[in-house]
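Sequence order for the protein chains is A and B.
Just so we're aligned, residue 350 is where the first sequence starts under my numbering, counting upward by one.
Just so we're aligned, residue 381 is where the second sequence starts under my numbering, counting upward by one.
Simulated from the structure, these hints should not be mistaken for laboratory data.
Please note that the accuracy of each hint is not assured.
Pairs of lysine to aspartate or glutamate, DMTMM-like flavour, derived with a Cα cap of 25 Å [unchecked claim]:
| hint | chain 1 | residue 1 | chain 2 | residue 2 |
| --- | --- | --- | --- | --- |
| 1 | A | Lys355 | B | Asp593 |
| 2 | A | Lys515 | A | Asp525 |
| 3 | A | Lys355 | B | Asp565 |
Have a look at the derived ranges for each label pair, beta carbon to beta carbon [unchecked claim]:
| hint | chain 1 | residue 1 | chain 2 | residue 2 | range |
| --- | --- | --- | --- | --- | --- |
| 4 | B | Ile793 | A | Asn532 | 22 to 32 Å |
| 5 | A | Gln548 | B | Thr797 | 30 to 40 Å |
| 6 | A | Ser460 | B | Glu410 | 49 to 59 Å |
Given the structure is predicted, the values throughout are model-derived calculations rather than measurements.
By construction, the Cβ of each residue, glycine as well, lies at the ideal position given by its N, Cα and C atoms.
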Amino acid sequence: MKQNWKWLKIFIGIVLAGLIACISVVVYIDPFFQYHAPLSGFPYVVDNQLSQNPGMARNMDYDSVILGSSMTINFNTGWFNQAFDCNTIKLSYNGAYPKDISNIMEQVDGSGHTLKNVFWGIDEASYSGGINETKYPIPEYLYDTNPLNDVGYWINKDVLLDYILKPLVDPASKTDLAEVYANWPYFGYSKWVVMQTYQSPDKPEESMDFDAYLEDITENMDANICPVIEKHPDTEFYIFFPPYSILYWYNYYKTEQISATISKYELLMERFLAYDNVHLFCFTDQEDIITNLENYTDYEHYSRDISLWITDAMETGNCEVTKENYKEILQHMENLAFTYDYDSIWEGWEDYLYEK
Amino acid sequence: MSFNSYIFILFFLPVTVLGYFVWNHWQKYELAKGWLLAMSLWFYAYFHISYLLIILCSICGNYLLYYLMEKGRKRKLLMILGVLGNLGILFYFKYFDFFVENIDQVLHIGIPLLNVLMPLGISFFTFQQVGFVVDAYKGEAKGYSFLDYAVFVSFFPQLVAGPIVTHEEFIPQLQDQTKKKSNADNVALGCMVFILGLSKKILIADIFGLAVDWGYENYASMQSLGLLLTSLAYTVQLYFDFSGYSDMARGLGLLFNFDLPMNFNSPYKACSITDFWKRWHMTLTRFLTRYVYIPCGGSRKGSFRTCCNLILVFLISGFWHGANWTYIIWGLLNGVACVVIRLVQKPHDRIPKPVRWLATYAFFDLSVIYFRSESVAAANLFIKRLFTAGWGQVPVTFAEKFQTGEFWYALKIFHLTNLAIGPYLLMIAYFLVAAFLLFGCRNLGERMKTFRPTVISAVVAAGLLLWCLISFSEVSTFLYFNF
């Protein structure tokens with residue numbers, strides 16, 4: 350019996366010491382920035398949007414944010430800092446749904462930061478889902494204010510190995526915070542790369558009604574998007590529709606969704622243009638860019654050069670959408686989508702096609 | 381809540397154990413039992429609040445029947461009512477949709493499915509209570525209070541995945557005054573057994589499970605070697621997962637001074653399939669023997685009847701595991717194998733032991749392909765490809781499932797990842813370790829008898845617990861929860 354008590358004391362002592370050591374290291378270094386800003390000397394690895402964005406939103410020093418999907422991850426925050434004289438942080442989520450945007454803006458608001466600018470990419474395709482849907486399940490314990498459920502963060506093998514040990518052993522893996530998440534692409538940018546992976550969708554049995562998505566988009570705007578803008582009347586919102594490649598339009602052409610898509614853009618534009626502090630930009634119909642597949646790594650993701658060009662455009666007001674010109678832009682978009690010579694895309698590239 | 385969760389290990393378990401012994405220390409024995417009942421119900425409701433209603437109704441209904449039987453009223457009718465009622469609830473939640481789907485495939489009349497959420501562990505507590513009702517009818521369960529009975533059914537270590545504990549091995553322990561005081565011997569041993577069970581689950585079964593999931597998703601494009609490793613990996617996962625859970629249950633029982641029955645006795649060391657079933661899920665085999673095989677005549681009514689009884693028992697066992705033809709075929713295969721072994725017992729015993737062992741393991745390995753596959757057609761294709769798809773190579777993606785963070789860094793430090801065999805090193809190491817634990821070691825039940833509370837064992841236990849705790853971030857679920 351006595352020996353067993355001794356055994357228990359040693360056992361409990363080691364477990365408690367191990368837990369305290371583990372928790373102390375995680376809380377001190379805080380690789381997900383849940384409790385404090387980054388330590389100056391530690392080579393932080395930032396590559397997990399779902400887990401690291403909420404902490405960055407709460408505890409980093411910034412006055413402007415980049416929001417949106419993978420269409421926004423190529424931006425260098427320094428470009429915005431220079432162009433708009435601000436201190437920007439990137440809070441992108443790959444494939445972001447409106448609820449993802451709403452969630453991360455709750456974190457920003459809860460942190461007490463005052464926002465000067467929001468740079469925000471809008472993907473119409475992601476705006477017609479459920480109003481409470483996130484693209485991926487989020488680790489909710491990192492988004493709430495209950496410290497007790499952070500146990501999954503404190504005692505976590507991945508945190509210890511990948512976010513504390515790895516950067517210590519290999520400081521070169523440190524992330525440049527201006528380039529957070531800018532890890533796209535794996536295969537470079539060229540028409541050859543695009544054609545290697547592109548598969549066109551099947552033709553549907555029936556074409557989509559022009560108003561097929563409008564109700565869902567309206568619900569998402571009301572629940573997740575407009576409240577963000579209304580909550581920040583003193584913030585300048587630079588909102589843009591990204592320049593997907595011409596294959597994006599070809600997909601809609603083939604699936605007979607062009608009219609439904611133009612209706613989506615129309616609704617989104619009208620909703621955003623209702624706010625004086627929104628500067629809306631549309632790059633989706635920029636023919637020179639989107640028809641040059643050398644700018645892309647797949648049918649929608651564009652290169653850093655294009656991201657830089659977008660930044661410049663937002664600074665200079667190029668491609669800005671106004672109440673006066675938005676109908677004209679929509680008409681241009683529709684004409685382009687319906688009348689573009691899509692066959693020209695494949696001229697000389699037939700061997701690279703899965704199926705046209 | 382799950383055993384492999386932070387809330388269970390860091391909060392629920394210490395509080396429950398502490399509360400139980402504090403009440404007992406103050407000689408509030410009924411309150412101690414009430415505490416155990418309340419915490420067990422919380423444990424169960426944590427999975428889904430609606431489960432609480434189901435288990436409470438089940439406990440109250442069965443105790444009412446027991447109470448009436450104790451009063452001596454229409455005992456046989458009450459027993460039949462109890463058996464049918466318990467099986468009826470199980471049928472409703474687990475088998476109704478299966479029957480409807482199959483009937484509809486023949487008749488095409490469009491009967492709607494229930495799509496009802498099946499309560500975890502319902503198969504376990506149903507069988508437990510069927511056994512109790514039958515024993516009560518036979519007069520073998522006398523003088524149990526409602527609280528004793530409710531704790532017996534709901535006791536959290538065995539509630540959702542067994543072992544299937546009988547009333548006569550649990551309730552007397554619950555009533556035993558000598559077990560009301562915390563015992564350092566049992567606490568130390570209980571901690572050790574729980575942690576070793578947890579390690580089996582987290583550090584072995586879940587890792588093999590990743591490879592198995594990938595293998596069963598891609599079996600149609602894999603060749604024989606990959607398929608063989610997938611099937612072997614599943615036998616490893618299945619054993620370490622389920623026996624790990626059973627060990628955890630035993631360890632937890634010991635923390636409360638309760639001795640729960642052993643559920644696995646090195647089944648993969650068996651040299652015949654009949655021997656295998658005496659070592660695998662022993663409490664289920666015991667239940668089916670006691671309440672199906674023997675009442676049907678057992679081996680007392682001639683060879684033919686014995687064979688029929690064996691097939692029946694294994695059919696029920698297969699169907700108990702899941703409402704799918706795959707489980708039924710798995711059960712049937714094992715039943716037929718037991719019958720064959722029984723019929724050729726003497727020549728079988730003359731075969732060299734290593735050959736019998738290999739044949740037994742190979743048979744079980746093949747049979748669990750049905751157990752794991754989503755459909756009979758998928759299992760058939762898996763087995764066909766296993767023998768005809770060409771030797772081939774082990775897919776790198778399959779091997780990469782074994783590249784756990786901690787060991788992968790070790791390989792990197794020694795620059796072993798650059799070798800051509802690099803991606804396969806950890807897979808080979810995991811299989812070798814599993815083989816050693818399965819075939820070269822005494823099992824946990826045997827080790828419990830010789831446990832010595834040394835400093836080294838305390839360090840090992842603490843290290844393993846910490847390793848498991850930091851590994852919880854990886855998603856894992858117990859295979860046997862849904863049976």
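Results for each hint:
no.: 1; hint: Lys355(A) to Asp593(B); in the structure: 43 Å, violated
no.: 2; hint: Lys515(A) to Asp525(A); in the structure: 16 Å, holds
no.: 3; hint: Lys355(A) to Asp565(B); in the structure: 11 Å, holds
no.: 4; hint: Ile793(B) to Asn532(A): 22 to 32 Å; in the structure: 25 Å, holds
no.: 5; hint: Gln548(A) to Thr797(B): 30 to 40 Å; in the structure: 33 Å, holds
no.: 6; hint: Ser460(A) to Glu410(B): 49 to 59 Å; in the structure: 52 Å, holds
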